[in-house]
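Peer 1: For reference, the chains in residue letters:
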Amino acid sequence: MTGYEWIIPVILTVITAATPLVFAGIGELVTEKSGVLNLGIEGMMLVGAVTAFVTATVTGNYFLAVIAAAGAGAFMAFLFGILTLSLMANQVATGLALTLFGVGISALIGQDFVGQPVQAIPKVDIAGLSDLPVVGQILFGQDPLVYLSFIMAIGVSWFLYKTKAGLILRAVGDSHDSAHSIGYSVVTIRYLAVMFGGAMSGIGGAYLSLIYTPMWAENMTSGRGWIALALIVFATWKPSLVIVGAYMFGGITILQLHAQAAGFDVPSQILSMLPYVATIVVLVIISKDESRIRKHAPACIGKIFHPAS
Amino acid sequence: MNFKTVAVLVGAAAIVGGIAYWGQDLLKGDVASTDENKIGFVYVGPIGDHGWSYRHDVGRLAVEKEFGSKVKTTYVESVKEGPDSERVIRQLAADGHKIIFTTSFGFMNPTLKVAKQFPNVKFEHATGYKRGDNVSTYSSRFYEGRYVIGKIAGKMTKTNIIGYVGSFPIPEVVRGINAVALAARSVNPNIQIKVAWVNTWYDPGKEGDAAKALIDQGADIIMQHTDSPAPLQVAESRGVWAVGQASDMSQFAPKAQLTAIIDDWDGYYVARAKAALDGSWTSTDTWGGFKSGMVKLAPYNAAIPADVVKLAKETQAAIENGSLKPFAGPFNKQDGTQAVAAGSELEDGVLLGMDWYVEGIQGKLPK
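Chains A and B, in that order, are what the protein sequence lines are.
Mapping of the first sequence onto our numbering: residues 1 to 309, in sequence order.
Mapping of the second sequence onto our numbering: residues 1001 to 1367, in sequence order.
Note that these hints are calculated values from the structure, not bench results.
Watch out, some of these pointers could steer you wrong.
Said to hold, decoys possible - Cross-link-like lysine-lysine pairs, in silico, DSS-like; alpha carbons within 30 Å at most: (1) B:1296 / B:1038; (2) B:1333 / B:1116; (3) A:123 / B:1313; (4) B:1274 / B:1313; (5) A:162 / A:238; (6) A:123 / B:1274.
What the hints assert, rightly or not - Pairwise CB distance ranges (calculated): (7) B:1291 / A:59: 33 to 39 Å; (8) B:1336 / A:302: 57 to 63 Å; (9) B:1277 / A:123: 34 to 40 Å; (10) B:1307 / A:59: 43 to 49 Å; (11) B:1277 / A:6: 54 to 60 Å; (12) B:1282 / A:59: 29 to 35 Å; (13) A:269 / B:1094: 31 to 37 Å; (14) B:1239 / A:161: 43 to 49 Å; (15) A:59 / B:1347: 55 to 61 Å; (16) B:1061 / A:296: 51 to 57 Å.
For clarity, every value in this text was computed on a predicted model and none was experimentally measured.
From the three backbone atoms N, C-alpha and C, an ideal C-beta is built for every residue, glycine too.
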């Protein structure tokens, strides 16, 4: 031990804890940027997790499993879209229903798969690079989905702020009436954004059931969908901050476990609630400074769009 | 009506139907009919947790098997401890259940509160310490099992560090940690126990993370007092030993699982249901261990040396016949002061309220 080696396993554990949050957070960010609030992340993640697990067990193909999880998440989001975008149901109530629905249906699909382990997705191993000291394992020895999470976060950031389509999506989220009046199809764009969010939540779920804890257990998300939701507020709707927040939320949990295991006297209950406290603090801060909210929070979030008006 | 409207309506109908269909699945079982003998169960986790709640549900199925069509059983799973559980328990009582089993420590006060309002319904609360005229308590002396695994761990560890994933710092859990510490240090006085509290009964991800943290801090044996098999999976992938919790979890860790502590509620549930049905039910306090069959151990890992298996079996037999008491003195508290003198042992009352560590456990017990 030269003094810093202990940090490597900590970082490796933080990465696995944060990655599902990154996926779900980035997906929901796009959904919210289009002006839709989908509270069903937890349900979509669970359906993604069970779909990925069942697909992986039956076919043995991990690529297919992740694709299927994304598809299942997107389908859940599509149902949400039918209710809120086409039938104009209340988004908050529908999102909560989607979570309950996801918890139930994932348990139903998965009941024959409880108690079966699956081989975790193998980590990428780049000859030479992953053997480098310290950074080797952290930067070049992760599983493919970790890299995908970063690619998605950067891609979404680029899409939202550097492309015309991203500008349109943000316009729809900021003022659906204006976007509508200059000829954009608000509902179609929102369907796409909502389904992208569902697909990302599905992949986040797949990460749980294939890598984080390679098994299917009912309700295995244990509230991570809600943390992802808090994360977006914490990040003030900025993709880069979603990553920072996910790693911070994951990091606090892991560090406090390590501190306990090392025998430090840490009040574990207080540390367990830190992510939520941090979110509330950020909420208070950004609520005081209206310009910040206006800059990044989509103005039309949660509002129903009536094309006729 | 154009195509789009029809499609939307059909889709919506499918969703509503689906929710209605699967939603009823959440509160399983029975269509109310008053002349049936209904038995209710409240679980803190999902029955698919493969641990604590799963084993209680196995007990429920044993009741169904025993009495067949004479009884109807109902269960509600994933019930949060606290106010929400009171609502669930009251609902079951109001629905005409004759006897209701509430199977988590945190259901204690809600159970008592509802029991006062329904004096004719019998209640059975697991792992609590408050009783009433119509409230029994029952628990298992899991610490007897933990004492045996402590002996095994003491022999098997190479790093002399045992990692323990704790749920909540309540007496039930603290007692288990202390039993492991006493047993392990009786065969190897250099052993230290490291504890990581996760403040949940069930969160596979966090439980696994705690196991990783403990292994990173040198533990080569992982024990847990949480409900999912995630810590065992971590142990398997990291190549260290682990002990299963509540049910045999060897399929998650075929190489790593030394053994598992198995809860067996079947006999108790059948006996209590029978008593409630034939009217002989009285409020009791049951605390059974190896002897009564409420605690069992899963088959030992083939990799455990024969002399260690022999030691484990002897320890279990001695606990069963009463010649060995896990909490017999002399031993010290964590701070070095004597907890029990030689020749005496801790009484059940002290065990039930245990809120201090014995020597050999690192870190401070959260209050």
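Peer 1: Could you check the hint for me, namely that residue 1277 (chain B) and residue 123 (chain A) are 34 to 40 Å apart, CB to CB?
Peer 2: violated (56 Å)
Peer 1: Honestly, do residue 59 (chain A) and residue 1347 (chain B) meet the 55 to 61 Å range at C-beta?
Peer 2: holds (58 Å)
Peer 1: Can you let me know if the beta-carbon spacing of residue 1061 (chain B) and residue 296 (chain A) is within 51 to 57 Å?
Peer 2: holds (53 Å)
Peer 1: Given the hinted pair residue 1333 (chain B) and residue 1116 (chain B), is their alpha-carbon gap at most 30 Å?
Peer 2: violated (39 Å)
Peer 1: Is it true that residue 1282 (chain B) and residue 59 (chain A) lie within 29 to 35 Å of each other by Cβ?
Peer 2: violated (56 Å)
Peer 1: Assess, step by step, whether the Cα of residue 123 (chain A) is no farther than 30 Å from the Cα of residue 1274 (chain B), and give holds or violated.
Peer 2: violated (54 Å)
Peer 1: I want to verify a distance hint. Is the separation of the beta carbons of residue 1336 (chain B) and residue 302 (chain A) within 57 to 63 Å?
Peer 2: holds (59 Å)
Peer 1: 33 to 39 Å was suggested as the range; check whether the CB atoms of residue 1291 (chain B) and residue 59 (chain A) agree with it.
Peer 2: 48 Å Cβ-Cβ, so the 33 to 39 Å window is violated.
Peer 1: Holds or violated: residue 162 (chain A) with residue 238 (chain A), Cα cutoff 30 Å?
Peer 2: Holds, at roughly 14 Å.
Peer 1: Check whether the Cα positions of residue 123 (chain A) and residue 1313 (chain B) lie no farther apart than 30 Å.
Peer 2: Distance of about 41 Å is beyond 30 Å: violated.
Peer 1: When you take the CB atoms of residue 1239 (chain B) and residue 161 (chain A), is the distance between them in 43 to 49 Å?
Peer 2: Given a distance of about 46 Å, which is inside 43 to 49 Å, the answer is holds.
Peer 1: 31 to 37 Å was suggested as the range; check whether the CB atoms of residue 269 (chain A) and residue 1094 (chain B) agree with it.
Peer 2: Roughly 34 Å apart at Cβ, these two residues keep to the hinted range, so it holds.
Checked against the numbered hints above, the structure violates hints 2, 3, 4, 6, 7, 9 and 12; every other hint is satisfied.
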